[in-house]
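Protein chains: 2
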Amino acid sequence: MNKISTEETVTLKQSLTQCAHKLEETLNTLLASGNRPEERLIDAMRYGVLGGGKRLRGYMVMESAKICGVRNIEQALRVASSVEMLHAYSLIHDDLPAMDNDDLRRGQPSTHKKFDEATAILAGDALQTMAFQILAEEETHPSAAVRVELVKMLALASGAHGMVGGQMIDMLGEGKNLSLPDIKNLHSLKTGKLIRFATEAGAILGETNKDIRGRFVAYGRDIGMAFQIADDILDTTASEEELGKTAGKDAHARKSTFVSLLGIEGAKQEAQRLAAEAAKHVSAFGEQARFLVDLTHFVVERRN
Amino acid sequence: MNKISTEETVTLKQSLTQCAHKLEETLNTLLASGNRPEERLIDAMRYGVLGGGKRLRGYMVMESAKICGVRNIEQALRVASSVEMLHAYSLIHDDLPAMDNDDLRRGQPSTHKKFDEATAILAGDALQTMAFQILAEEETHPSAAVRVELVKMLALASGAHGMVGGQMIDMLGEGKNLSLPDIKNLHSLKTGKLIRFATEAGAILGETNKDIRGRFVAYGRDIGMAFQIADDILDTTASEEELGKTAGKDAHARKSTFVSLLGIEGAKQEAQRLAAEAAKHVSAFGEQARFLVDLTHFVVERRN
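So the sequences go chain by chain: A and B. For reference, each letter of the first sequence is one residue, going 1 to 304 in my numbering. For reference, each letter of the second sequence is one residue, going 1 to 304 in my numbering.
Bear in mind the hints are in silico, worked out from the structure with no lab data behind them. We put the beta carbon where it would ideally sit given N, CA and C, even for glycine.
Here are some, though not all, of the chain B residues that point toward chain A, as calculated from beta-carbon distances under 10 Å: (1) His-93; (2) Ala-123; (3) Met-171.
With a straight-line cut-off of 27 Å between C-alpha atoms, the simulated DSSO-like cross-links for lysine-lysine are: (4) B:Lys-22 with B:Lys-54; (5) A:Lys-255 with A:Lys-54; (6) A:Lys-176 with B:Lys-114; (7) B:Lys-249 with B:Lys-184; (8) A:Lys-268 with A:Lys-54; (9) A:Lys-13 with A:Lys-66; (10) B:Lys-176 with A:Lys-114; (11) B:Lys-113 with A:Lys-113; (12) B:Lys-255 with B:Lys-268; (13) B:Lys-54 with B:Lys-114; (14) A:Lys-114 with B:Lys-255; (15) A:Lys-255 with B:Lys-113; (16) A:Lys-268 with A:Lys-255; (17) A:Lys-113 with B:Lys-255; (18) B:Lys-66 with B:Lys-210; (19) A:Lys-54 with A:Lys-114; (20) B:Lys-114 with B:Lys-22; (21) A:Lys-13 with A:Lys-268; (22) B:Lys-210 with B:Lys-184; (23) A:Lys-54 with A:Lys-113; (24) B:Lys-176 with A:Lys-113; (25) A:Lys-54 with A:Lys-66; (26) B:Lys-280 with B:Lys-210; (27) A:Lys-255 with B:Lys-114; (28) A:Lys-184 with A:Lys-268; (29) A:Lys-176 with B:Lys-113.
The whole structure should be built from the sequences, with the hints applied where relevant.
Structure below.
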């Protein structure tokens, strides 16, 4: 894989940062504080979803929407916020003592440490609900058909045969030797399907034809797997300080990973192969897809 | 309030039982078992949502849909199943050690006792997702506008300013003296909004005018509150065997309830007043609404 120039990297990073700011603003508005008795719940939801993160999934929504001709940035920001809320809910529940039992998230106390377990469970529950609510509301798109398609695809990506199903398989795999196809299936569900939804969502919002939508699905599938392999590599090579969360968790939980199966060099090669595949799927969009192409390099070269 | 005749009671009960059977069948089909690696998750979802319960919410969907001219019973059963899944998810999470810590549900081990905490958290999460998925799918109604309206209303009923918000307020209220308006607000969120959605859903599915939809909303609001007051009474007067769950929980958790504020007799009167109000809202539908009227008596006279 060719090393991208420093200038390009800066530009992608600027674009990512700019997008993250806009998303924080949108999330902040959607999750308005008030004086209702359930305020503690809103506080915990805000804590879980605001204040950091690279917002890669939200960025994918915004970039794919732009390429697919979505002019109304508010609509794209709502869909991106919905994906970020869904992702945040999964992290809040994942960190719970009964699950991964992780006290740290992005270098801060995880939601159940900052609040308490019950509040964290409810905050995750309500963030999931809100992700669907936002997609269903008229402000997201004038066409009910577009909105309900977004709802359906997010549900399929995140439910029992998507993200949550993947989390279950991940838990059941602790201490077991999984094969490479098993690991690929696990991660295509656990992290892959939501990333695929993020890139597909732009095409749904832009009401593109099937062919174009298929390219974004394929891009999401390949960059999602590359992202996960890079995650496995980081878990063994990066420090807790770099990660902002507990390092070496996979080995500790005796999980089969891409690294345990392919070795670090083999895993790196596979990540780079998939990143290159992902880039190919959007190459037909030319200059418009520059950031999505840059992103394929970014996900495999990041340090956190 | 007039005591309803034994014959009428039997007929409502037969209708309820028949509906519960149909709903179990539909839920069983929607939650098909298979041989996927995430099977343990599906098993836990099935355990949480199948096997019992009065299916009052599902019944309300079916009856309101019938009155609103919905001919396609499969569509109504899908919406009813969605409501039952949403309700089941809330019970699974409610029973968790960090929440109500209840080992029993309908006389059986609660989901986290039968499986484990992590599986119960994930099963609840996936049941919520599936409730939205089912509403969004084309099989529920040919009109995308109807489907997306159902999604939006279910989200509003069950999220941070609905059911989950109510659970948060309920938890925060433990050990505190709440006023009657506080208690009413709590329960209109915690149990009321989902019951209101169940009765409104039939009108949405039947694409009725605003006036008719408003009557079902009002019916749901009043029967929901009557139901909750009856629940508070049962918690102090019924045995664990009758309830199939832990009795006396409210007093144990030092919660303010309708009984602690109004006394048993006062609470009974308020429940009957609200049941009569609920019946009035659907009286214009005549014989068609007979079961919904009978149901207003049933919810305040039930023993579990």
